[in-house]
Amino acid sequence: MLYLRLFYEFFKTGLFAIGGGMATIPFLYDMADATGWFTYNDLANMIAVSESTPGPVGVNMATYVGYITGRSVAGVPTAILGAVVATLGLVAPSIIVILIIAAFLKSFRDNRYVDSAFYGLRPASTGLIAAAGISVAVSNLLFTDTLAQGFSLAFFNWKGWLLAAVLWVLTNKVKKTKGLHPIIFILASAVVGVVFSM
Amino acid sequence: MNQLADLFLTFAKVGVMTFGGGYAMLPILQREVVENKHWATEEELVDYFAIGQCTPGVIAVNTATFVGQKLRGTVGGIIATLGVVFPSLVIISLLAGVISAFSHLEWVQHAFGGIRICVCILICNAVVKLYKKAVVDKLTLAVFLLVTLGSYFLPVSPVIFVVVTALIGIAAKNWGVKK
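Quick mapping for you: the protein sequence lines, in order, are chains A and B.
148 is the number that our numbering gives to position 148 of the first sequence; each next residue is one higher, with no gaps.
1021 is the number that our numbering gives to position 21 of the second sequence; each next residue is one higher, with no gaps.
What the hints contain is simulated information worked out from the structure, not anything from laboratory work.
Incorrect hints may appear among the rest.
Stated by the list, open to error - Under the rule of at most 20 Å between Cα atoms (straight-line distance), these lysine to aspartate or glutamate pairs were calculated in the DMTMM-like manner: (1) A:K12 with A:D33; (2) B:K1070 with B:D1047; (3) B:K1132 with A:D115; (4) B:K1133 with A:D33; (5) B:K1138 with A:D115; (6) B:K1070 with B:E1106; (7) A:K159 with B:E1106; (8) B:K1129 with B:E1106.
Put together the whole structure using the sequences plus the hints.
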């Protein structure tokens, strides 16, 4: 049944995604492959919306996926049910784990096994996010729909590369802009996308 | 006001004011939870935050559960968590409806074409930031590279990578595997 599957998939994400919002992304790519509920492009759009709206990114992503998946059943009411089920699935492991840890707070932080597990986990979590980033980049910067349009077009999306280069410089090198909230860059990119038909 | 209702509303407020999650949330929690409500001390909050970062799940949710649990036990933990996710549920449900109503328009598709490029850069920046903290020696560099390639090319669930690398970390630190 769809709602059970939705709860299970997000429970798994909540249990294994460690280190905040972006850490949920690789699990969502895996979910796209395993369930076919949404495409990679849908996912990139959802990331942008989740970054640009209030609330923790991970929670926003769960709500969004739950909504879209539930809507395919019977419109808005099932969409809202889907959003609630996915979000509860995501937070359930947190509640369980934190309530257990709260019982023996100090010994957890000082435990050398916990500490050493994170020594291996942190680079892995970073690598998982990097791989998800490569997937987004490949589907948007390399082939987009140029292949479908024939061989006369370049094999890569040159407008995309240009915008990416400008954004990279603005978010990393220019002092005045690099501290700005991501929503600014997302909105500016939307305008660029419309003006240059990306 | 009933303290459970207060917990729900206060964390709903934190949820609304958190843009992006993670560290962006700490100053808001300091103001609401420590200064306004006196539900936890500054030190406790930093402890909750640190543990929230190294336990499964969304950091904002983990911190809410901690504070709620401290005040009113298990029920408090659950109520605070529901409070923090409530604004997301409302806002995203409304937005998802609006976005899909307009998604067939050509200019909306172009806008998202631009936005997805921006998402690439945001992810890239996040990776660089995490990399600096996570990759500290040859072993962590090897883990990073192998997981990046493995996750990209192999149809393996991220769960497997998380479990295996946690074990590698424990083995390397406790049983003297050479770096």
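Hints, one by one, checked against the model:
no.: 1; hint: A:K12 with A:D33; in the structure: 15 Å, holds
no.: 2; hint: B:K1070 with B:D1047; in the structure: 13 Å, holds
no.: 3; hint: B:K1132 with A:D115; in the structure: 18 Å, holds
no.: 4; hint: B:K1133 with A:D33; in the structure: 30 Å, violated
no.: 5; hint: B:K1138 with A:D115; in the structure: 18 Å, holds
no.: 6; hint: B:K1070 with B:E1106; in the structure: 51 Å, violated
no.: 7; hint: A:K159 with B:E1106; in the structure: 17 Å, holds
no.: 8; hint: B:K1129 with B:E1106; in the structure: 35 Å, violated
In terms of the numbered hints stated before, the structure departs from hints 4, 6, 8, listed from lowest to highest.
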